[in-house]
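Taken in sequence, the protein lines are chains A and B.
For the first sequence, the positions run 12 to 666 when this note's numbering is used.
For the second sequence, the positions run 55 to 291 when this note's numbering is used.
Keep in mind the hints are simulated off the structure, nothing from the lab.
Hints may contain errors.
Computed cross-link-like contacts, DSS-like style, restricted to lysine-lysine with a CA-CA straight-line distance of at most 25 Å [claimed, not checked]:
id, chain 1, residue 1, chain 2, residue 2
1, A, 354, B, 94
2, B, 94, B, 172
3, A, 354, B, 71
4, A, 30, A, 93
5, A, 13, A, 32
6, A, 291, A, 13
Just a few of them, taken from the derived set where beta-carbon distance is under 8 Å, the chain A residues facing chain B [claimed, not checked]:
id, residue
7, 499
8, 505
9, 507
Note that the coordinates shown come from a computational prediction; the quantities given were computed from them, not determined experimentally.
Built from N, CA and C at the ideal position, the CB exists for glycine as well.
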Amino acid sequence: MKIRDLEALGEVRRQGLAKYKPARPRIAVGLGTCGIGLGAEEVYQTFVSAVEALGADVQIVRTGCFGFCAEEPLVNIAIPGKPLVIFSQVKPEEAEHILTDALAGTVDQARALCKIQSWDHLTGVVNFGEGFPGIPEWDEIDFYKGQKKIVLRNFGLIDPEDIEEYIAVGGYEALLKTLRNAEPERIVEELKKARLRGRGGAGFLVATKWESMRNAPGDRKYVICNADEGDPGAYMNRNQIESDPHSLIEGMVIGAYTMGASEGIVYVRAEYPLAVLRLKNAVAQAEAYGLLGEDILGSGFSFHLSLVEGAGAFVCGEETAMIASLEGRAGRPRTRPPYPSEKGLWGHPTSINNVETWYNVPVIVSKGGRWFAETGTERSPGTKVFSLVGKIKNTGLVEVPLGTPLRTFVYDIGGGTGDEKAVKALQTGGPSGGCVPEEMFDTPVDYEALAQLGSIMGSGGMVVMDEDNCMVDVARYFVEFTHSESCGKCVACRVGLDHCLRILNKISEGQGTEADRDALEHLGPMIRDTSLCGLGQSAPNPVLTTLRYFRHEFDEHIEKKRCSAFVCPELVCYYIDAERCKGCMACAKVCPSKAISGSRREVHNIDQERCSRCGSCCSVCSPAIAAVYRESGGITRRIEPRKKAKRAGHREKTP
Amino acid sequence: MPNQVKLKIDGEYVEAKAGESVLDAARAAGKFIPSLCHVKGLTPVGACRLCMVEVAGIPRPMPACTTTVQDGMVISTVSEKLTRYRQMIMQLLLSERNHVCAVCVSNGSCELQDMASKLGVTHSEFPYRYPRLPVDASHPRFVLDHNRCILCTRCVRVCAEVEGANTWNIMSRGVTSMLAADLNGNWGDSETCTMCGKCVEACPTGALAVKGKAVEEMTKNTDAVSRLATARGGTQQ
Numbered sequence: 012m013k014i015r016d017l018e019a020l021g022e023v024r025r026q027g028l029a030k031y032k033p034a035r036p037r038i039a040v041g042l043g044t045c046g047i048g049l050g051a052e053e054v055y056q057t058f059v060s061a062v063e064a065l066g067a068d069v070q071i072v073r074t075g076c077f078g079f080c081a082e083e084p085l086v087n088i089a090i091p092g093k094p095l096v097i098f099s100q101v102k103p104e105e106a107e108h109i110l111t112d113a114l115a116g117t118v119d120q121a122r123a124l125c126k127i128q129s130w131d132h133l134t135g136v137v138n139f140g141e142g143f144p145g146i147p148e149w150d151e152i153d154f155y156k157g158q159k160k161i162v163l164r165n166f167g168l169i170d171p172e173d174i175e176e177y178i179a180v181g182g183y184e185a186l187l188k189t190l191r192n193a194e195p196e197r198i199v200e201e202l203k204k205a206r207l208r209g210r211g212g213a214g215f216l217v218a219t220k221w222e223s224m225r226n227a228p229g230d231r232k233y234v235i236c237n238a239d240e241g242d243p244g245a246y247m248n249r250n251q252i253e254s255d256p257h258s259l260i261e262g263m264v265i266g267a268y269t270m271g272a273s274e275g276i277v278y279v280r281a282e283y284p285l286a287v288l289r290l291k292n293a294v295a296q297a298e299a300y301g302l303l304g305e306d307i308l309g310s311g312f313s314f315h316l317s318l319v320e321g322a323g324a325f326v327c328g329e330e331t332a333m334i335a336s337l338e339g340r341a342g343r344p345r346t347r348p349p350y351p352s353e354k355g356l357w358g359h360p361t362s363i364n365n366v367e368t369w370y371n372v373p374v375i376v377s378k379g380g381r382w383f384a385e386t387g388t389e390r391s392p393g394t395k396v397f398s399l400v401g402k403i404k405n406t407g408l409v410e411v412p413l414g415t416p417l418r419t420f421v422y423d424i425g426g427g428t429g430d431e432k433a434v435k436a437l438q439t440g441g442p443s444g445g446c447v448p449e450e451m452f453d454t455p456v457d458y459e460a461l462a463q464l465g466s467i468m469g470s471g472g473m474v475v476m477d478e479d480n481c482m483v484d485v486a487r488y489f490v491e492f493t494h495s496e497s498c499g500k501c502v503a504c505r506v507g508l509d510h511c512l513r514i515l516n517k518i519s520e521g522q523g524t525e526a527d528r529d530a531l532e533h534l535g536p537m538i539r540d541t542s543l544c545g546l547g548q549s550a551p552n553p554v555l556t557t558l559r560y561f562r563h564e565f566d567e568h569i570e571k572k573r574c575s576a577f578v579c580p581e582l583v584c585y586y587i588d589a590e591r592c593k594g595c596m597a598c599a600k601v602c603p604s605k606a607i608s609g610s611r612r613e614v615h616n617i618d619q620e621r622c623s624r625c626g627s628c629c630s631v632c633s634p635a636i637a638a639v640y641r642e643s644g645g646i647t648r649r650i651e652p653r654k655k656a657k658r659a660g661h662r663e664k665t666p
Numbered sequence: 055m056p057n058q059v060k061l062k063i064d065g066e067y068v069e070a071k072a073g074e075s076v077l078d079a080a081r082a083a084g085k086f087i088p089s090l091c092h093v094k095g096l097t098p099v100g101a102c103r104l105c106m107v108e109v110a111g112i113p114r115p116m117p118a119c120t121t122t123v124q125d126g127m128v129i130s131t132v133s134e135k136l137t138r139y140r141q142m143i144m145q146l147l148l149s150e151r152n153h154v155c156a157v158c159v160s161n162g163s164c165e166l167q168d169m170a171s172k173l174g175v176t177h178s179e180f181p182y183r184y185p186r187l188p189v190d191a192s193h194p195r196f197v198l199d200h201n202r203c204i205l206c207t208r209c210v211r212v213c214a215e216v217e218g219a220n221t222w223n224i225m226s227r228g229v230t231s232m233l234a235a236d237l238n239g240n241w242g243d244s245e246t247c248t249m250c251g252k253c254v255e256a257c258p259t260g261a262l263a264v265k266g267k268a269v270e271e272m273t274k275n276t277d278a279v280s281r282l283a284t285a286r287g288g289t290q291q
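So that you can see chain B by itself, here it is in the shape it has in the complex:
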């Protein structure tokens, strides 16, 4: 078939659709590649750097989510170096803001938490930064807690690409980057927000949650968001 390409992932031959990402191809073949910023159907951004894989012939690891499959590609998803890097990145994420699971609405159903335990990360070797960050509870239905945000931009993308509201964006730069509603106003005052809640469902952590949920009560349905996005045809990079 002309639209099929063959590649080798961890020694196994895998068939994939031309134009598909390495991440999707590997996952379809039952491989586990960690990632936090990727939602199938949304534009891949390569922000979390957890899905780094080794591609034969390329000296540097490549993010699986933004690398397209090519015929004859040889990929390894596991190596000592990759594991070490993934663990370090996980620690960087945990140390960046205030991820205090015990008091988090998403405790027990948090992708960040799950990923940390899957990667065997129980704590951060780097000192915790403990920044003082605000909580925006101005919205009638939802809450934004910057302390839990990992800047994966899933909310930004689902809002722009599926809902078409473009409420969210990232402001500032570097380690001071923050999620901002409209032109950095209160979420509750946003004139673009349609209150659809897709951003909340797409959020991997407790950063975006339904108002009124107590600790451990918030569960997300990211699959539904992914299905919606994919059914729309998905956005190709």
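Just chain A, same shape as in the assembly:
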């Protein structure tokens, strides 16, 4: 059925709302990649068979990710007239219990994570109902407190595979409005008021970019969505497409109309199969409803959207390399200018925007640019989604207003490391970013402030590091990454990074000298200033920031041959304390290099010649005995029993 006007859209909206807020209980299982990884598919299947077995009148749907990845599988239960209740870490064996409760019109209040009485999808408000006083509102629990969901407005609530649910919450109304008004310049005006900046990392003003594309001569133009997210530790774009693909499509159609493009491409990582699947499904649905393809909404405007899966090169996230890849050439960047908005895909004007940038567009169109600019800071308005990972209790997708200090991420939302270990640093912006030390956690997160520290905001990866992370190793890891992802076109990045990696390897192996450290300090700025594209220009950041803020760790590795985090294998030796060893054979059994001698009830000994420093002995020696200890550059450390992190977000059960 093709939608032609507001009335038809309203009709679909009513149908969708009947599914989204049905007159019977609705159970939605969070089936993003994060949820599936923690067993959500099994939970979903158990719910399906339980409903079949009981013959119950319950709606079961798949939904996306509600952001709290540490607590997956998340399941939300909507009982008509009652608030939507979210359960965390749901196990298949709990399904039946949850189901029978729901059928009886109630939930286990002590077991629930949080509830939603009313949700503002920004394109429409949905009131679920009131009640369940024993469950906190969603924004009362630590993880969500301080978050503001603009991009993630529909995440984990609607069914991403059903266009009608997206329409139910006001989806595609912004598009209808845009096409009805037929004033594309007004969209640019709203973007100017919103001062929206590109969410891919560079933070270029979207309005400027779109305007130059709009004014570029030529009747054939392209819009491209950059979903080639490849930073280690970042998965915002994956979850965005998995959980709400239609927002992306709507944003792109509005963008295409504004800029006069008739063709669009989503360049998505092939490593994101679920995102590809859901987006393909969404494109097919949007075409069937007349929201994509020829004569959209009867306006005469046509726009075709296709999907291209990347072949696995990180550098293809750089726009000129992406264009080369789309044209069937090797993914190597070229110098700009000319910018893609003048000469892009097949020589035609092309506008490339990040996934998250497109997600902001329908909201800005529907709520206005002024409304958008109220959130965030003067120069960086709006919110930004970050994936908070690493040594942190509450991992997940976090959307906060820009300008929020780093401290809030780590301690308030993230809940610290979850054990007695102290947070040492926060790595932002992936391999292009830098490490910010704990002392500087008061820095607000915006484009300028992070650049000041030598890091970048990037696409939104945030990796928390504690005292068990060696900063030399961290720098080495990221340079190893960019080194293997460098396209090899320009000398600075190709050979410069190779030397950087060799030096960092040398230092982490205890062979480094002060001259090596100085060489890093000379190479870094040279690579940054003379590389051809963003990959090379930002690749030295992890090295330069660790050298700036954690210089003592480099010095320790060089002078004392010590790795105080006990990470660099060449600098760590394992020994067995003869006084503590009970001769239990546990370590001898796991040692892969058969370096541990001694039979049962005899004190064991590690042959340093044969030892491969894998640390297996350390991890099996019972903490009660703690006979195995590590030594590095004159300091020793025993195994400390790592206190298990308390389950994040779980409240103490009320008696």
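Starting from the known structure of chain A, fit chain B onto it as the hints suggest.
Frame of chain A; chain B shown alone:
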């Protein structure tokens, strides 16, 4: 004249054709800007990073070969920082593969060697990588020695843009990038190579040479290639 732009290079006013590169404009005005990957008439790629110049108002140095002149541009081609960067890049090039001049066919007429001495680089402060690389002597007339290749892609471009044969390309990525004939076969087995030899003439080092040349015997005529490419109208980026 509408097609002329005026810019300032190292304090001197220079007139240039609109659309021309900073490198061409500066060279026409008698300025020296080092470069290895550029051949006038071929598409500029900005691979060697030696021609970096400072443009007023832009915080980062820009490659002169791919930057187009603009009216009122203020450019400096020499600075302490630029010199340092150029020397470092030269050292990176020298340390990347096996540039052993004493046994090279191009010794004495090698652009890499000349550029190193012009930039005052006599050795590399970075450790030499000494990779083990093959020599392809399968072609009846020419030899490809990967040990001398600096991946400037002059051969790739002259083959594609002037000869139209598209025999050469770069395969793999990063520091493992290699010049490859056709689909990485032997050069001698190439079905596209026309044996015209333009790649050899365009090559700045001893990587591509005429078979049978001994040490110091190989001289190149890159100017002829450049004239051909320019006469064709040149390829604009």
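Measure nothing beyond the straight line between the CA atoms of residue 13 of chain A and residue 32 of chain A; if it is 25 Å or shorter, mark the hint as holding.
24 Å, holds
With the threshold set at 25 Å, check whether the alpha-carbon distance from residue 291 of chain A to residue 13 of chain A stays at or below it.
18 Å, holds
Quick check on residue 505 of chain A please, does its C-beta sit within 8 Å of some C-beta on chain B?
5 Å, holds
Identify whether the interface hint at residue 507 of chain A stands, where standing means a beta carbon of chain B within less than 8 Å of its own.
It holds, given that the least Cβ distance between residue 507 of chain A and chain B is near 6 Å, below 8 Å.
Next pair to validate is residue 30 of chain A with residue 93 of chain A; report whether the Cα-Cα distance is within 25 Å.
16 Å, holds
Hint check: residue 354 of chain A vs residue 71 of chain B, CA-CA at most 25 Å. Holds or violated?
21 Å, holds
Keeping to a limit of 25 Å between CA atoms, is the pair of residue 354 of chain A and residue 94 of chain B held or broken?
22 Å, holds
Given the hint that residue 94 of chain B pairs with residue 172 of chain B, test it: the Cα-Cα distance must not exceed 25 Å.
Measuring from Cα to Cα gives roughly 20 Å; hence the hint holds.
Closer than 8 Å between Cβ atoms is the bar; does residue 499 of chain A clear it against chain B? Give me holds or violated.
Result: holds, 3 Å to nearest chain B Cβ.
In this structure, every one of the numbered hints holds.
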